[in-house]
Structure formats: structure tokens, C-alpha cells
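A.B. asks: Can you build the whole structure from these sequences, using the hints too?
Residues in the sequence shown are numbered from 100 upward in steps of one, following our numbering.
Certain hints may be false.
Quick list of in silico lysine-lysine cross-link-like pairs, DSS-like style, CA-CA up to 27 Å [claimed, not checked]:
| hint | residue 1 | residue 2 |
| --- | --- | --- |
| 1 | K279 | K213 |
| 2 | K277 | K363 |
| 3 | K187 | K213 |
| 4 | K363 | K279 |
| 5 | K271 | K199 |
| 6 | K279 | K187 |
| 7 | K213 | K277 |
| 8 | K279 | K191 |
| 9 | K343 | K199 |
| 10 | K213 | K199 |
| 11 | K191 | K343 |
| 12 | K199 | K187 |
| 13 | K271 | K343 |
| 14 | K271 | K187 |
| 15 | K343 | K363 |
| 16 | K187 | K343 |
| 17 | K191 | K213 |
| 18 | K213 | K271 |
| 19 | K187 | K277 |
| 20 | K271 | K363 |
| 21 | K191 | K277 |
Hints were generated in silico from the structure; no laboratory data involved.
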Amino acid sequence: MTGLTGWAGFGVVTGASLLFIVVLQAITFAVGRRLGHYNVVDVIWGFGFVGIGWIALILGGGDITRRWILAVAVTVWGLRLTWHMLGKVRGKGEDPRYAKVLGENPSAGRVIRKIFGTQGAAQWFVSLPLQVSAVTHATHGIWWIVLIAGVVVWAIGISFEAIGDAQMTSFKSDPSNKGKIMDRGLWAWTRHPNYFGDSAVWWGMWLIAASAWPGVLTALSPVVMTYFLVYATGARLLEQSMSKRDGYPEYQQRTSYFFPLPPKTGEGAGSQGHAP
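C.D. replies: And the structure:
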């Protein structure tokens, strides 16, 4: 079957994507309801984008090369994140963030409105570069430079995210590090290498989509993703919970908040913080 392009094609792709998101979130809500906690929603965050990427590949009628590039890029990112989050939530109780938002004995409506509906809407909006790119014409001429730049930015992002997560997992698995502040490897250059990497991944995919009109118009998608990672549910909440730990203020003074920069030297730069 030959996919559609233009507004008709976008309607098909975005409609199928919305249906997929609704079904996925509904199933996950049912699982969470049965388990008695809703941190399972974190597991399907990346997986939801993978599904949308393949819907765009299969149903879209735009440039096949770019569709494949984006499908592979989002699959590598999404499946890695899904596996990582599965390891984080397995055997754990409710995420404190969700417990705070939901309160005691939340109704189904409140859970859907505060968690599952919000995440589903975010998945649809952030994935707009994939959806739009799937129904647009081939990349031509100098715009290939933009596409290649997007692949490079994506590669930098996935590397930061994967390496940062692996370094933190290794650090936590060593009993001798109990109570210490992780300030090694990428964590010496940015306090949130995984969040920076996540942001770069989506800026990279936006650049790939922007290599053909009207993909550039989806720029708000990576902006929204970056906003949430930096100011909303990501780094800021983590900073609030970590700020009172012994050694963390010194770590904040010598290490960049988000964008990777060489660590500062001088007073406090060599300190090894310990949590209470």
C-alpha cells in the first residue's frame, strides 16, 4: 500500500498515532491499577514513541529514506529507555512524584487526568516531527546538511544518555559508594547528562524532520521536551530532592547544571560529598 502525503497523509498518521497512544495508556493504566501504583507509566514513555515512529514509517507516504532514519533513531532511543526504566521500577513501590500529585486513594479520573492523559498528550505533541516528516517530500540539496547535522546531534544525545545512565548504575552498584555524590565521568561535566542527552536526541530528530518543509514548523516539540526535562518534571525536581544532601551544594558549584562544560577547579572542586 502506498502511503499518503500532505494534509491527508498527516491526518492518517496522526489519527493512528493518537489511537495507539490511547490504547497503550489505557492498558498501562489498567496494569497500574491492578498493581496499586502507577510508576509503570515510565516504562511506556519511550515505547510509545517507538510505536509512533513505526506508524509513521508504515502509513506515511513521504521520503522513504528519512522515514527509515527517524524510525531507526526513535527505536534505538525508545527501546533503550524502556529497558532502563523497566530495571528502575521493577519491584519498587510508587514513585514519590506520583504519590505527591495523586494524594491518598485517588480516583481513576484523577489518575488519568494527572498522569496518563498528560503523558499521552505529551507523547503525541513531542512526536510531531516524526509524524510530519513521514508525509513530506524528499530532502534536497543543501538541506542534506541539516539532515546530517540532525543525525550527529541525535548520536551525541543517545551517547550522553546511555553512557550517563550506565555510569550512574555502575556507581550505585558499588557498596563503597553508598551515600556518596556521583561526580565522575559525564557527571563531572553536567549534573544531568541523561536529561541533556534526552533533549539532544529530540533536537536531532527535529533537525532531521526540518530538512524538508514543513518539518521546521514542529520546533515547539523539542522545546517542550527540553522545558520538561530542565524546568518541570526532570532536573529541577531532582535538584530539589538532592540539594539538602551533604556535598551536593559543592557539586552544584563546580558542575554545570545542564549543558556539558568542563568542571570548575578551585575550592571545593575535589570534595567527595556524602549523604546523611
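A.B. asks: Does each hint fit the structure? Answer for all of them.
C.D. replies: Outcome of the hint check:
A hinted pair counts as satisfied when its Cα atoms are at most 27 Å apart, and K279 with K213 does not qualify at roughly 34 Å. This hinted pair checks out: K277 and K363 have alpha carbons roughly 25 Å apart, not beyond 27 Å. Straight-line distance between C-alpha atoms of K187 and K213 comes to about 22 Å, which keeps the hinted pair within the 27 Å bound. Simply put, K363 and K279 have alpha-carbon atoms about 19 Å apart, close enough for the 27 Å limit, and the pair holds.
For the suggested pair K271 and K199, the alpha carbons sit about 25 Å apart, so the restraint of at most 27 Å is met. With a C-alpha separation of about 19 Å, the suggested pairing of K279 with K187 holds against the 27 Å cut-off. For the suggested pair K213 and K277, the alpha carbons sit about 34 Å apart, so the restraint of at most 27 Å is broken. For the proposed pair K279 and K191, the alpha carbon gap of about 22 Å is at most 27 Å, so the pair holds.
Between K343 and K199, the direct Cα distance comes to roughly 19 Å. Compliance with the 27 Å bound is thereby established for this hinted pair. Taking the CA atoms of K213 and K199, the gap is about 11 Å. The hint holds against a cut of 27 Å. Proximity of K191 to K343 is assessed by CA-CA distance (about 24 Å); at most 27 Å being required, the pair is judged to hold. Simply put, K199 and K187 have alpha-carbon atoms about 19 Å apart, close enough for the 27 Å limit, and the pair holds.
Restraint check: the Cα-Cα separation between K271 and K343 comes to about 19 Å, which is no more than 27 Å; the hinted pair holds. The straight-line distance between the Cα atoms of K271 and K187 is roughly 12 Å, inside the 27 Å bound, and the hint therefore holds. With a C-alpha separation of about 21 Å, the suggested pair K343 and K363 falls inside the 27 Å cut-off, and the hint holds. For the hint pairing K187 with K343, the CA-to-CA distance comes to about 23 Å; that is within 27 Å, so the pair holds.
Annotation: proposed proximity of K191 to K213 holds, straight-line Cα distance about 21 Å (limit 27 Å). With a CA separation close to 31 Å, the supplied pair K213 and K271 exceeds the 27 Å bound. For the proposed pair K187 and K277, the alpha carbon gap of about 17 Å is at most 27 Å, so the pair holds. About 24 Å separates the Cα atoms of K271 and K363, which keeps this hinted pair within 27 Å; it holds.
Pair hint K191 plus K277 holds up; C-alpha atoms about 19 Å apart against a cutoff of 27 Å.
Figure legend: structure checked against the earlier numbered hints; hints not met, in rising order: 1, 7 and 18.
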